[in-house]
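Engineer: Line by line, the protein sequences are chains A and B. Once you know that position 93 of the first sequence is 988 in my numbering, the rest is easy, because the numbers rise by one and skip nothing. Once you know that position 219 of the second sequence is 361 in my numbering, the rest is easy, because the numbers rise by one and skip nothing.
Worth double-checking, as some hints may not be accurate.
[Said to hold, decoys possible] Which stretches of chain A does chain B cover? Using the computed rule of at least three CB atoms under 8 Å from a CB of chain B, they are: (1) 902-914; (2) 929-937; (3) 952-962.
[As the list claims (entries may be wrong)] Partner residues are not named here, just some residues of chain A that face chain B (Cβ under 8 Å, in silico): (4) Ile-899; (5) Gly-920; (6) Ile-921; (7) Gly-923; (8) Thr-924; (9) Gly-940; (10) Ala-944; (11) Phe-949; (12) Leu-985; (13) Gly-989.
[Stated by the list, open to error] Label pairs and their in silico Cβ distance ranges: (14) B/Glu-360 <-> A/Gly-988: 37 to 43 Å; (15) B/Ser-385 <-> A/Ala-982: 50 to 56 Å; (16) B/Val-191 <-> A/Ile-964: 20 to 26 Å; (17) B/Lys-345 <-> A/Gly-976: 18 to 24 Å; (18) B/Arg-194 <-> A/Ala-1011: 42 to 48 Å; (19) B/Pro-188 <-> A/Val-906: 29 to 35 Å.
I should point out that these hints are in silico values taken from the structure, not numbers from a laboratory. Note that CB positions come from ideal geometry on N, CA and C, so glycine has one too.
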Amino acid sequence: MIFIPLIALLVGIALGLLFNQPLPGIAGTYLALACVAGLDSVLGGVRSALESKFDSEILVTGFVSNTLIAFGLGYLGDQIGLNLFLASALVLGGRIFTNLSVIRRYGITRLRDARARREMLNQDAAPGPKP
Amino acid sequence: MNPFATRSSGYQWIWPTSAMALVLGVMLTMAWITAQTRQSRFSELPTDVRDRLNAASLDFQGEYFKVQQELKSLRESFGELREENTKLQNAVADQTKSSQLLNESLQEVKTFAGLTEVEGPGLMITLRDAKNAPEGLGDYAVIHDIDVLKVVNELWNAGAESISVNDLRVGPHTNFRCVGSVILVDRVQIASPVVIRAIGDPKTLEGALDLPLGVLAEIRQVEPAMVKLERVENMRMPGFAGSTKPKFMKAVPPKG
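Chain A with its partners taken away, still in its complex shape (with noise of 0.2 Å):
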């Protein structure tokens, strides 16, 4: 189940291939900063869910806000001669990395819980005396 984001990501991706519609100058520097808010957003969504605490509206608003906050952020910045490219792909790529470490463990756990569920079951099974 967790794979199809990652499916759906690899679908756009091959969709955008299909169309063909590569940004020229400056458009495309903000669209990639937008693509990096998309990508913590998508990230983010992932990880509500790990945490059980999805709600889906809050994913597509925060997608779409984001998206265009760091684009507006991206152009505002070059506007009045400030970095804000820099700042906020720091700030989302930082989130990126939080947001995936916490994928990782919830992974982790999930998958020590497999094995101790499997472990304790086992034992119940067990005939005979416990050690």
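Given the coordinates of chain A, assemble chain B onto it according to the supplied hints.
Structural biologist: Relative to chain A, chain B alone:
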């Protein structure tokens, strides 16, 4: 009771997340730097990103290398054909006095334009990238297109009659450019060491280049070994091997 029940969350998150991932995928392809957008995207990128991308496109340069080889061999055959052309012109001109005169002036113009192989005394300048430049001089330790351009310009000014750069003859339209770490002379790649040869009075040419605060002074400051000047008693240089056919300009007929 199952103690792990609280950790399972159901799967209603899959579809919204997947939808967002799909949009993200499309966005990624749009933001990707492709061959089409490369040109327009590059000018907007910070230099460090640009350098990394350049380093990553070595594959592309492999293809480029092949084209370069082809260009070189084509230029060689072009030079041979032009020589053949001169021979034919001479043969035709042998017949009458007037055609002989005509041919003389034609050959004079061809020599002036750098279309023929020439020989004579001159100066040989070797520019090479610094081997052990002081730390942090990075960009200064490398020979750039602008260095070549400056030297060639100074040589013309000092009365050089013909110049070649790495055996590529400098013709009327010759340009020096830089793509990544290579110098292009009329679109042919050259790299350090750059050997610039000029036919003219060796002493005068050397003096012009050795002027204090001259074109070479800055390079020598980085490392004196980057520049080597050599007077040569006699050297040959090939003719200009590029196209000379005009596309747009036409000669204006003389008045009267």
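Engineer: Give a verdict on every hint.
Structural biologist: Checked hints:
Using a Cβ-Cβ cut-off of 8 Å, 12 residues of the stretch 902-914 of chain A lie near chain B, which meets the minimum of three, so the contact claim holds. Here the stretch 929-937 of chain A counts 6 residues with a CB under 8 Å from a CB of chain B, which clears the bar of 3, and the coverage holds. Evaluation of the coverage hint for the stretch 952-962 of chain A: fulfilled, as 4 residues show C-beta separations to chain B shorter than 8 Å, against a requirement of three. Residue-level restraint check for A/Ile-899 holds (minimum Cβ-Cβ distance to chain B is 5 Å; threshold 8 Å).
The interface hint given for A/Gly-920 holds, since its Cβ lies 4 Å from the closest Cβ of chain B, which is under the 8 Å cut-off. For the restraint placing A/Ile-921 at the interface with chain B, the shortest Cβ-Cβ distance is roughly 4 Å, inside the 8 Å limit, so the hint holds. Interface hint status for A/Gly-923: upheld, as the beta-carbon distance to the closest one in chain B is roughly 5 Å, under 8 Å. This hint holds: A/Thr-924 has a C-beta 5 Å from the nearest C-beta of chain B, less than the 8 Å allowed.
Interface hint status for A/Gly-940: upheld, as the beta-carbon distance to the closest one in chain B is roughly 4 Å, under 8 Å. With its C-beta approaching chain B no nearer than about 4 Å, A/Ala-944 sits inside the 8 Å limit, and its interface hint holds. A least Cβ separation of about 4 Å between A/Phe-949 and chain B falls short of the 8 Å threshold, and the interface hint therefore holds. The closest approach between the C-beta of A/Leu-985 and any C-beta of chain B is roughly 14 Å, which is over the 8 Å cut-off, so the hint fails.
For A/Gly-989, the interface hint is violated, since its Cβ never comes within 8 Å of a Cβ in chain B; the closest pair sits about 18 Å apart. A beta carbon spacing of about 40 Å between B/Glu-360 and A/Gly-988 agrees with the range 37 to 43 Å that was offered as a hint. Our hint of 50 to 56 Å for B/Ser-385 and A/Ala-982 holds, since their Cβ atoms are close to 51 Å apart. Look at B/Val-191 against A/Ile-964: about 22 Å separates their beta carbons, and that is inside 20 to 26 Å.
Checking the proposed 18 to 24 Å range against B/Lys-345 and A/Gly-976 shows it is violated: the Cβ atoms sit about 53 Å from each other. The supplied range of 42 to 48 Å is met by B/Arg-194 and A/Ala-1011, whose beta-carbon atoms lie about 45 Å from each other. The beta-carbon spacing between B/Pro-188 and A/Val-906, approximately 32 Å, falls within the hinted interval of 29 to 35 Å.
Hint check: violations occur at hints 12, 13, 17; the rest are consistent with the structure.
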